[in-house]
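**Student:** Just so you know, the sequences run in chain order A and B.
Quick note on my numbering: the first sequence kicks off at 6 and runs consecutively.
Quick note on my numbering: the second sequence kicks off at 99 and runs consecutively.
By construction, these hints were calculated from the structure, which means they are not laboratory data.
Keep in mind the model is a prediction, meaning the values are calculated, not measured.
Treat the hints with care, since some could be wrong.
[Unchecked claim] Residues from chain A that face chain B, not an exhaustive set, calculated with beta carbons under 7 Å:
{"#": "1", "residue": "43"}
{"#": "2", "residue": "58"}
{"#": "3", "residue": "81"}
{"#": "4", "residue": "82"}
{"#": "5", "residue": "89"}
{"#": "6", "residue": "91"}
{"#": "7", "residue": "95"}
{"#": "8", "residue": "99"}
{"#": "9", "residue": "104"}
{"#": "10", "residue": "107"}
{"#": "11", "residue": "108"}
{"#": "12", "residue": "155"}
All C-beta atoms, glycine included, are put in the ideal place defined by N, C-alpha and C.
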Amino acid sequence: MRALAALKVDGIQVDRGGIRVVEEASFSLGRGEALILAGPNGAGKTTLIRALAGLLPLAGGTIELEGADDDARLGEMAHYVAHANAIDADLTVAENLSFWQVFWDGGADSSRLDQALDGFQLQSLRDIPARYLSAGQRRRTALARLIVAPRPIWLLDEATVSLDTGQVERFSVRVNRHLAAGGMVIASTHLQLGFDVARTVTLDVDEGGIGATARITTGPPGTWRAQGTRA
Amino acid sequence: MRAWAALLGRELRLAWRSGSAIGTVLGFYAIAVAMMPVAIGPDLNLLARIAPGVLWISMMLAALLSLGRLFERDHENGTLDLWQMGVMPLELVVTAKALAHWMTTCLPLVVITPVLGLFLNIEAGAVPMVVVTMLIGTVAISFLGAIAAALTLRSRRGGVLIALLVLPIYVPTLIYGIAATVASTTALGEAAISSLAMLGAISLIATIVGPVAAAAALRVQTG
Chain A
6 MRALAALKVD GIQVDRGGIR VVEEASFSLG RGEALILAGP NGAGKTTLIR ALAGLLPLAG
66 GTIELEGADD DARLGEMAHY VAHANAIDAD LTVAENLSFW QVFWDGGADS SRLDQALDGF
126 QLQSLRDIPA RYLSAGQRRR TALARLIVAP RPIWLLDEAT VSLDTGQVER FSVRVNRHLA
186 AGGMVIASTH LQLGFDVART VTLDVDEGGI GATARITTGP PGTWRAQGTR A
Chain B
99 MRAWAALLGR ELRLAWRSGS AIGTVLGFYA IAVAMMPVAI GPDLNLLARI APGVLWISMM
159 LAALLSLGRL FERDHENGTL DLWQMGVMPL ELVVTAKALA HWMTTCLPLV VITPVLGLFL
219 NIEAGAVPMV VVTMLIGTVA ISFLGAIAAA LTLRSRRGGV LIALLVLPIY VPTLIYGIAA
279 TVASTTALGE AAISSLAMLG AISLIATIVG PVAAAAALRV QTG
């Protein structure tokens, strides 16, 4: 794992379709810490996570990666699990996962593939094309990508969608293990996931819904607050 | 390099798994060429004269059919997001995908060209040159086509739009491809060589310009 000491996000703003969706988000995350984004639909959780991943341009603010190379971007250090599973239906479970293992990690540690398959109970499905999987099985395959190559930051956008309760618990164990190893997690969720070290920030939405903006302001750890403002 | 090879392997495997796509493309090419004698009539001299042009245009249109799918799949299932975050520059990802398109679509099209030439009473002497010019020229078709595929990613009915965007930039390839073929059959050996050189130059430029422009278009599309 690359030596990332801390993630500092300072006043980032994100626009979508000319509307400011994330008004101002500032937080810092140390090794072994998790940030949970809660809040109703349309609050800007996905937008914030996509902006952090580098998939949406920032309208303002900075993202600082302490301890990483100067030219490192957050996206290169992060796993991103979103609504779309990024699983190709024509490849088998093992082919999907082993491709990402080689692509991200050069295939250096192929035992990680088995770890990932075991960890999400996919061993019996490994040679089945992904198109025949159930929604929950596909989601588990997507989550298994978190294990095949080590990366310090996990960006999880509603990552537990379509998992049964037992699988949610297993997943929480995986996340806690990642945190215990010094990883960082930024997750949006409506569930209580039981992560060991987590701060929860709730994004609010104004009554109007459309054009609602989210503002995260954080002070010292433990004094997080969020408030909604109108665009 | 290993990651890039893995990516190329993945693309080839996916093309192999969805074999019906290439079947459609080859079928379109064959039918388009076979319709030509029916439309024009049994004037063998005329057919032989227009054969290189008909083969080239039909082949280009057939290759266009599969261009729309170049990024669509990865866009739909979310993989495109991961390419963009990734450890590998998006330009190299596009290069692998365009190369895979060339290997799985353009190469088979070129391979069946000599057979289709029979429909058009093509001169035996012209066949090798048609195949060689197509082998070189189709590289530009895949790599320039990637730009249009990226630009139309989020548009409905992207297929027609791709044709409108990309056919004009195929014109230089078409001109030099035909020129080389014609020159080689009319004992203008040197003109054929210079046309081939131009064709190669266009294709080489396409392998650089295509991925850079397509990657830029993809970044805008997912924003």
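**Student:** State the violated hints by number, sorted upward, taking the hints as numbered earlier in the document.
**Tutor:** As far as the earlier hints go, 1, 4, 8, 12 are violated by this structure, in ascending order.
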